[in-house]
Amino acid sequence: MSNKARILYSYFILTILYAIGTLTLPPVKGTLQKYHISLLHLRLLDLTIIIPFALIWYCGAFGFYKLFQYSDLIEKNKDGKSIKKITYGIGLLAFWLPVTSVINLFTNYAIQRLPGASSPILIFQNYLTLIIPLLGFILVSLGTRGLTELAKQRPTVLGINIMVIIVTIVGVIYVHLVSTTNNRLNSVYHLSVSYLLITLVAPYIYMWFLGILSVYEIYIYRLKVKGVIYRKSWRLLAAGLGSIIVVSMLIQYLTTISEKFDKLSLSGILLIVYGLLVVLAVSYVLIALGVNNLKRIEEV
Amino acid sequence: MIKQKITLFSEVVDITYDYLGPAADRFVTRQIRNHLGKSPESLRKKDLKALLSWIKIAMSLLTDDSKLVDKYIADLNELTQ
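Order-wise, the sequence lines are chains A and U. The letter at position 170 of the first sequence is residue 169 when you use numbering that gives the first Met the number 0, and the numbering goes up by one with no holes. The letter at position 68 of the second sequence is residue 67 when you use numbering that gives the first Met the number 0, and the numbering goes up by one with no holes.
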């Protein structure tokens, strides 16, 4: 089976599973009363989520496939090895949302059927949601590091200081939000505070540091790499990669403090979800377009 | 003798690097193999004219900036002197 087929089949299987699960599994208890809607209304709302999800996931799979194609073309070269790592990292980020959405959908149903198993299932969900993007960010970071070495550039002292300040502020706010939300430790994490801080919060903050560092290194590479035409061709790809990393971080940030959203109206929640989805879709399209420019250099 | 041939190829790649960065080596290798039908190591001065024509065509497909292409070709032309 070709890589294209493998990526597209995975996408279709995940999308179909998600659609079936969303439309057939009974809603979480209290959902209909909470939002004052009927079951039919809820299913119609589900459709308005499934369709954009399917589109954004497709953009992700497509962007990943295009990047894969390009990295295959140049994999034996120095820049190719770094691009390959970035490609696998982006692949993990592209499939992170579909995989966790499908698994969470079915495991949430399992929680409804087996309330006694909720604790281990929720712990599993939390670690799965962490591990996939963490691996993705590590690979992207290794790749962007390789690219800056190739361009013989290093992040400046000022740049590193700004990054550390941003990550420290974001991290401290995150620790505050995670540890102060009422009942959060029991209802969401099912872990003791110290265990939670070391095994979930710290890896998330580490991951965001890698993300910010990667965006910075991509920016340096895009600005400093030799080759007028090559550099221009990198513009869209750099914008797409940077945007995916930032939006992925935002999604992680928002989903891990999701309990705060309980106070928002349904339209408010949908607005945030759609907004992030649109930016994410555009980012993957930028990757696909950017890759087209770079691929052309390798094909003429 | 072999050193001389490799040097000519390297010189073409060096100039190309300013335009195509890390893709330069691959680009020049491909032009030589596909259009001249020889290995990069066997590139000689007498091949340069034909190579430059192919490179000009290829570059026109990559950018609309004709001034940039002309400058690149002019840089490469110096190798023919």
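Watch out, some of these pointers could steer you wrong.
[Stated by the list, open to error] Here are the simulated DSS-like pairs of lysine-lysine, each with C-alpha atoms no more than 25 Å apart in a straight line:
1) Lys3/A - Lys75/A
2) Lys33/A - Lys151/A
3) Lys33/A - Lys225/A
4) Lys231/A - Lys70/U
5) Lys55/U - Lys44/U
6) Lys37/U - Lys231/A
7) Lys66/U - Lys55/U
8) Lys75/A - Lys70/U
9) Lys48/U - Lys37/U
10) Lys225/A - Lys70/U
11) Lys45/U - Lys294/A
12) Lys45/U - Lys70/U
13) Lys77/A - Lys28/A
14) Lys223/A - Lys66/U
15) Lys77/A - Lys37/U
16) Lys223/A - Lys37/U
17) Lys55/U - Lys231/A
18) Lys48/U - Lys70/U
19) Lys294/A - Lys75/A
20) Lys151/A - Lys231/A
21) Lys66/U - Lys225/A
22) Lys3/A - Lys151/A
23) Lys77/A - Lys231/A
24) Lys294/A - Lys44/U
25) Lys55/U - Lys45/U
26) Lys37/U - Lys294/A
27) Lys66/U - Lys37/U
28) Lys294/A - Lys55/U
29) Lys28/A - Lys231/A
30) Lys55/U - Lys225/A
Treat the hints as calculated values from the structure; they're not laboratory data.
Quick rundown of the hints versus the structure:
| no. | hint | result |
| --- | --- | --- |
| 1 | Lys3/A - Lys75/A | holds, 20 Å |
| 2 | Lys33/A - Lys151/A | violated, 57 Å |
| 3 | Lys33/A - Lys225/A | violated, 57 Å |
| 4 | Lys231/A - Lys70/U | holds, 17 Å |
| 5 | Lys55/U - Lys44/U | holds, 17 Å |
| 6 | Lys37/U - Lys231/A | violated, 30 Å |
| 7 | Lys66/U - Lys55/U | holds, 12 Å |
| 8 | Lys75/A - Lys70/U | violated, 30 Å |
| 9 | Lys48/U - Lys37/U | holds, 15 Å |
| 10 | Lys225/A - Lys70/U | holds, 16 Å |
| 11 | Lys45/U - Lys294/A | violated, 30 Å |
| 12 | Lys45/U - Lys70/U | holds, 21 Å |
| 13 | Lys77/A - Lys28/A | violated, 54 Å |
| 14 | Lys223/A - Lys66/U | holds, 22 Å |
| 15 | Lys77/A - Lys37/U | holds, 24 Å |
| 16 | Lys223/A - Lys37/U | violated, 33 Å |
| 17 | Lys55/U - Lys231/A | holds, 18 Å |
| 18 | Lys48/U - Lys70/U | holds, 16 Å |
| 19 | Lys294/A - Lys75/A | holds, 15 Å |
| 20 | Lys151/A - Lys231/A | holds, 18 Å |
| 21 | Lys66/U - Lys225/A | holds, 18 Å |
| 22 | Lys3/A - Lys151/A | violated, 34 Å |
| 23 | Lys77/A - Lys231/A | holds, 20 Å |
| 24 | Lys294/A - Lys44/U | violated, 29 Å |
| 25 | Lys55/U - Lys45/U | holds, 17 Å |
| 26 | Lys37/U - Lys294/A | holds, 23 Å |
| 27 | Lys66/U - Lys37/U | violated, 29 Å |
| 28 | Lys294/A - Lys55/U | holds, 18 Å |
| 29 | Lys28/A - Lys231/A | violated, 53 Å |
| 30 | Lys55/U - Lys225/A | holds, 20 Å |
In this structure, the earlier hints numbered 2, 3, 6, 8, 11, 13, 16, 22, 24, 27, 29 are contradicted, and the remaining ones agree with it.
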